[in-house]
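Using the hints, position chain D against chain Y.
There are 2 protein chains.
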Amino acid sequence: MRIGIDIMGGDFAPDVVVKGAVESLPHLSAGHRIVLIGDKDAALRILAKENADPAHFDFVHTTEVIQMGDNPYKSFSKLSDSSIVVGFKLLKTKQIDVFGSAGNTGAMMVGAMTVIKALKGVIRPTIAALIPRSEGKYSLVLDVGLNPDAKPDVLYQYGIFGKVYAENVLNYQNPRVALLNIGSEPEKGSLVVKAAYELMENNKDFNFFGNVEGSDFFKESLPEVIVTDGFVGNILLKQAEAFYSLVKSRNIEDPFFEQFNFEHVGGTPVLGIDGNVLIAHGISRELAIKNLILQSVNVVNANLPEKFAALFNEEK
Amino acid sequence: MRIGIDIMGGDFAPDVVVKGAVESLPHLSAGHRIVLIGDKDAALRILAKENADPAHFDFVHTTEVIQMGDNPYKSFSKLSDSSIVVGFKLLKTKQIDVFGSAGNTGAMMVGAMTVIKALKGVIRPTIAALIPRSEGKYSLVLDVGLNPDAKPDVLYQYGIFGKVYAENVLNYQNPRVALLNIGSEPEKGSLVVKAAYELMENNKDFNFFGNVEGSDFFKESLPEVIVTDGFVGNILLKQAEAFYSLVKSRNIEDPFFEQFNFEHVGGTPVLGIDGNVLIAHGISRELAIKNLILQSVNVVNANLPEKFAALFNEEK
Numbered sequence: 003m004r005i006g007i008d009i010m011g012g013d014f015a016p017d018v019v020v021k022g023a024v025e026s027l028p029h030l031s032a033g034h035r036i037v038l039i040g041d042k043d044a045a046l047r048i049l050a051k052e053n054a055d056p057a058h059f060d061f062v063h064t065t066e067v068i069q070m071g072d073n074p075y076k077s078f079s080k081l082s083d084s085s086i087v088v089g090f091k092l093l094k095t096k097q098i099d100v101f102g103s104a105g106n107t108g109a110m111m112v113g114a115m116t117v118i119k120a121l122k123g124v125i126r127p128t129i130a131a132l133i134p135r136s137e138g139k140y141s142l143v144l145d146v147g148l149n150p151d152a153k154p155d156v157l158y159q160y161g162i163f164g165k166v167y168a169e170n171v172l173n174y175q176n177p178r179v180a181l182l183n184i185g186s187e188p189e190k191g192s193l194v195v196k197a198a199y200e201l202m203e204n205n206k207d208f209n210f211f212g213n214v215e216g217s218d219f220f221k222e223s224l225p226e227v228i229v230t231d232g233f234v235g236n237i238l239l240k241q242a243e244a245f246y247s248l249v250k251s252r253n254i255e256d257p258f259f260e261q262f263n264f265e266h267v268g269g270t271p272v273l274g275i276d277g278n279v280l281i282a283h284g285i286s287r288e289l290a291i292k293n294l295i296l297q298s299v300n301v302v303n304a305n306l307p308e309k310f311a312a313l314f315n316e317e318k
Numbered sequence: 003m004r005i006g007i008d009i010m011g012g013d014f015a016p017d018v019v020v021k022g023a024v025e026s027l028p029h030l031s032a033g034h035r036i037v038l039i040g041d042k043d044a045a046l047r048i049l050a051k052e053n054a055d056p057a058h059f060d061f062v063h064t065t066e067v068i069q070m071g072d073n074p075y076k077s078f079s080k081l082s083d084s085s086i087v088v089g090f091k092l093l094k095t096k097q098i099d100v101f102g103s104a105g106n107t108g109a110m111m112v113g114a115m116t117v118i119k120a121l122k123g124v125i126r127p128t129i130a131a132l133i134p135r136s137e138g139k140y141s142l143v144l145d146v147g148l149n150p151d152a153k154p155d156v157l158y159q160y161g162i163f164g165k166v167y168a169e170n171v172l173n174y175q176n177p178r179v180a181l182l183n184i185g186s187e188p189e190k191g192s193l194v195v196k197a198a199y200e201l202m203e204n205n206k207d208f209n210f211f212g213n214v215e216g217s218d219f220f221k222e223s224l225p226e227v228i229v230t231d232g233f234v235g236n237i238l239l240k241q242a243e244a245f246y247s248l249v250k251s252r253n254i255e256d257p258f259f260e261q262f263n264f265e266h267v268g269g270t271p272v273l274g275i276d277g278n279v280l281i282a283h284g285i286s287r288e289l290a291i292k293n294l295i296l297q298s299v300n301v302v303n304a305n306l307p308e309k310f311a312a313l314f315n316e317e318k
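Order-wise, the sequence lines are chains Y and D.
For the first sequence, the numbering used here assigns the number 3 to the initial residue and increments by one for each residue that follows.
For the second sequence, the numbering used here assigns the number 3 to the initial residue and increments by one for each residue that follows.
I should point out that these hints are in silico values taken from the structure, not numbers from a laboratory.
The model shown is predicted, which means the values in this text are computed figures rather than measured ones.
Honestly, I wouldn't trust all of these hints.
Just so you know, same-sequence chains aren't split out, so a pair can sit in one copy or run between any two.
Calculated cross-link-like contacts (lysine-lysine; reagent style BS3-like; alpha-carbon spacing at most 27 Å) [stated by the list, open to error]: (1) K250 - K221; (2) K96 - K122; (3) K240 - K221; (4) K196 - K51.
Extracted from the complex, chain Y is given alone in its bound form (with noise of 0.2 Å):
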């Protein structure tokens, strides 16, 4: 297995990134390689001041970056030697079985839609992010910004991603599937969201709880999935972040609250493209990025894509 990362993506490239990737080495089995991707001297010369061997490592050496601020279309078409574009590329010639990066998140999103593309059958990709529901467990929120006005069909493969993941990369047996709403009653909500509720009812794609509400988060009966349209799982998802941020202003030691901590998690992982893309935070330290390493493992190993393009080309 081959894990690109983009050395040159985040707040704190590429030091931080590099010596993420050197924290994870103890952790991943002799057949995992990491592709660090970027200047090639800069990497050196970190592993260098790390004591770690080079020959942990394949480098792929660019010479171009995109920054955080770049506008992430005209940067994505300009800059073809940047570490995010040749990144794409070592993708999608299957050179790497997956690419991480805390760089510019919409130059990433246009790489996975653009370079890498929505599998056959697939409305619309989604993102998707964890939040705690009590002490270990997390519960796999979707969409959390992708797709603002999601139709109800949309919302319905949510459902299928969701599950999938929750099974395959979560561990989770059977996961429950939610949709989110402002009422526990199948006539509440939206008129978008009460579409959706008619459709998932008695569905056989995934096992159905029903409607949840933002009462119900933080609770360890919350389903391991719910599914929102990406303007309210944005929202909700930072919320949550904010809350985290106050508890810690606070000087709150307590380990749930640090669950909500986004490095101990690692990226977001883009769902219902043909490749396996994760996107961390623009702030994200080694923590973050040791773990973006580990999760791209479990998520190499659950073939999200095989298993999507079989389940959407079955229901076309």
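Just chain D now, with coordinates in the frame of chain Y:
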């Protein structure tokens, strides 16, 4: 000023409602009369137990009760001598200046919309809630559940409601009105929110701040008024309540988090109707009822329906 309180509404009625009314007395002025609406015998029994002089109160005896789980429309039309129906009659005929209840929320909304009715020019009335942003400071979020499919012109009117409420009830000078979105840039978000941004930009009715995100919550810098549709606002508010429950369940004592306790606020005002209606949480205890009554005084003094009527007539 006559403050009508439904003593039969809420999970702990009538005891905690009458007790809360007693607790509010020391904080009211001489000209403020509380009108206890419901079973007068029960009220007198509770007052006797509390050693409170019934002469402090007016009473309107009712013989029926709309239960918490009753169908709002059916019960409102059938139970004409219930405390909620009678309360709305008293408000409509100006025998009370404000009506508050911790009872069946749906029935309260039926009364607000069918007896008191929307003001001329108001597309959709709304309900608002307070979310803490620093010690002693709150932001008003609206809508928090009434209109899950609010259109851009409805969101615009929320901006006006919010500005007037924040200025006249919360006493914030020139409050900033923000649009809740998934990015700070104007071109971000759902179709509805992008259109609402265009309406709000350069408007003359309120001080438009621009977009805020979920990550901006709980910070002192958060604008005083946050506009969103009832779907997003409801989920946001309930997630904030879930945080508070989580903090309590972890036995964390911190004054900031106590501000999340709805009991300190009182009720949820219904804005855009031709009268003053406050809806309290079903699980309200004495403290919440006391604050509901104190909030009622501020709401009546603010003359919101008159102010809204003037503003919305101007607009037409």
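Inset, instruction - List, from low to high, the hint numbers that the structure doesn't satisfy. - result: 4
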